[in-house]
Amino acid sequence: MRFLFKTAYEQDIRLAKHGGHLFWYGSLMLILLAAPWWAGEYVLSQLHFICIYSIVGFGLMLLTGFTGQISLGHAAFLAVGAYTEALMQAAGVPFVVSIVCAALFAGAVGVIVGLPALRLKGIYLAIATIAFNVIVEEIITRWHDLTGGNEGRHVKPVDLFGWKLESDAEFYYLCLALTVICCIACANLLRSPTGRAFVAIRDSEISASCMGVNLAWYKTLSFTLSAALTGIGGALYAHKLAFISPEQFTLLASIELITIVIIGGIGFLHGAVLGSAFVIVLPQLISIAKDWLPSGTAPSGLQAVVFGVILVLFIIFEPLGLYGRWLKLRTYFELFPFYRKGMFRRQKSYMKSERLR
Amino acid sequence: MSFFRVENLGIRFGGVVAVDGVSFEVKRGDVYTIIGPNGAGKTTIFNLIGLLYPATSGKIFFQDRELTNQSPHQVADLGIARTFQNIELFEHATVLQNLLIGRHRHRRTSLWQELLFTGAARRAEVAQREAVEQVIDFLELAKYRDSLVAGLPYGVRKVVELGRALATEPKLLLLDEPSSGLNPEETDDMAFWIEDIKKHLGVTVLMVEHDMNLVSRVSDRVLALNLGAVIAEGTAAEVQAHPAVIEAYLGKAA
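Protein chains in written order, with my numbering: chain S, 1 to 357; chain F, 1 to 254.
I should point out that these hints are in silico values taken from the structure, not numbers from a laboratory.
The structure displayed is predicted, hence computed values, not measured ones.
Incorrect hints may have been included.
[Said to hold, decoys possible] Computed list of lysine to any residue pairs in SDA-like fashion (alpha-carbon distance at most 25 Å, straight line):
no., chain 1, residue 1, chain 2, residue 2
1, S, LYS121, F, GLU91
2, S, LYS121, F, SER71
3, F, LYS59, F, GLU91
4, F, LYS198, F, GLN240
5, S, LYS328, F, ASP146
6, S, LYS17, F, GLU133
7, S, LYS17, F, LEU116
8, S, LYS328, F, LYS59
9, S, LYS17, F, GLU195
10, S, LYS328, F, THR94
11, S, LYS6, S, PHE23
12, S, LYS17, F, PHE117
13, S, LYS17, F, LYS198
14, S, LYS17, F, ALA124
15, S, LYS6, F, SER71
Work out the full structure, taking the sequences as your base and the hints as a guide.
Listed below in structure tokens is the structure:
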């Protein structure tokens, strides 16, 4: 077990708390940078998706994991980002500008959704965001002249100052760079007053507002930042798929996104990455498993069933998700043999005032 | 100029008049206590001051600024901090993180500085931490600094909540039953801290309290309420001897 001897406040503020962090995150970075050499075409393509979903996961994690506002409509922000990117690219706008616009435009839509959301909580907010998802999907389908409707739109590869990122490796580096930037920006935000205000709103709105946190402002800000990150993810998603159509941004896609956050571990940035990896890898495992099952027993809806069952199991048995499981495992070995079962239990305080909720 | 003044404050929930035309004034540097039997409307007054409920009638003035037309977070920005009767801490955070939230009104960084975590943001964080460490030192919370609030005993949580309110560097501190749920020893500590808060930090305290030992020990003025209305005001001894107060607590002699 490691004992940190703290001599400066800086040590608590730093992102890498000790040499171990530097070593492991550095190693991970090196492995990821070397991916085009060790990974085949197929694995690299999966890594694209993991990066893109991670960015979206960071966005949703800010909103759901840290601010405590559920959204079942994030696929709509993904769509806004994807279509903004596709249309601007078609209009000849350079990538650096168009991806910023995708983020800004998705963020602006986030403000519009965030404002009515100030009055809604829990399940009602979930329903409102589902409605928003359906509305956006419908607009995209109907606005044929702009979006191409159900026929969809083709998206060309990224053109970075005349350098066309046509190969998988080039696009991979772009995704990786943006993922790292978004991740560090989120981590920075979470160690500053804004991030603390988000967490305060999640844990107790009433005392957050008594500490001077402007609930309306921070909830809207959280929606905006979350939508903007999802917009960036959407722009990359459009390039990755090279073809976008409304049926990629349905409610089911939103549920897949919330699955990332829940399975990864709600309230941890790591969770967004682990959840993305899980959501990307699981369908492959299912299709491998299908070969082993006797023919006829594997219905086509198997994937949805497995996703649903896993989601339910996680919520019941491991609410902290994959990252929580990892934390427990690590603590178990660090403290061996002194680990106790209840160490990570998040107990509800027994005398919370109900009236002020 | 008055420091803190409540004029004819009232609220009704449907047909129930919870607070009925209460007026009082708190002088700067005083410890002012509100007492009264259960359901007298003490906590409701606190919630009215914090603007958690909209007052049906009356006005609240803090340093000659009217509070009633502000929003809840602005009350905190003006320098009014509060604790809750049943503790409203951020359960999933450490003591340190809870206290840092108290520094919210002293934040000086913009969103961009935070996203990029520039030198200014880093220096601001260190400064906030230094301010919080003063509170930790004052309330002797050093050994709980990195523990999760969810795992702490009730008495310690009570102190953490007091610390969070102090971290805002308030001018007026509202304490809602600071001694409820505490054992005699912890209550004694609480009394010391309230005296120190008044003497050394120069913070004015307005509190709701049931423990009459604590009340007589720390209060400069006491206000007694019953059924939402003021029945007596004065020093602790005067109020305790007041016939209306005795009647409210014990009932009329047969």
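Quick one: which hint numbers does this structure break? Sort them smallest to largest. Checked against the structure, the hints that fail are numbers 3, 8, 9, 13 and 15, while the rest are satisfied.
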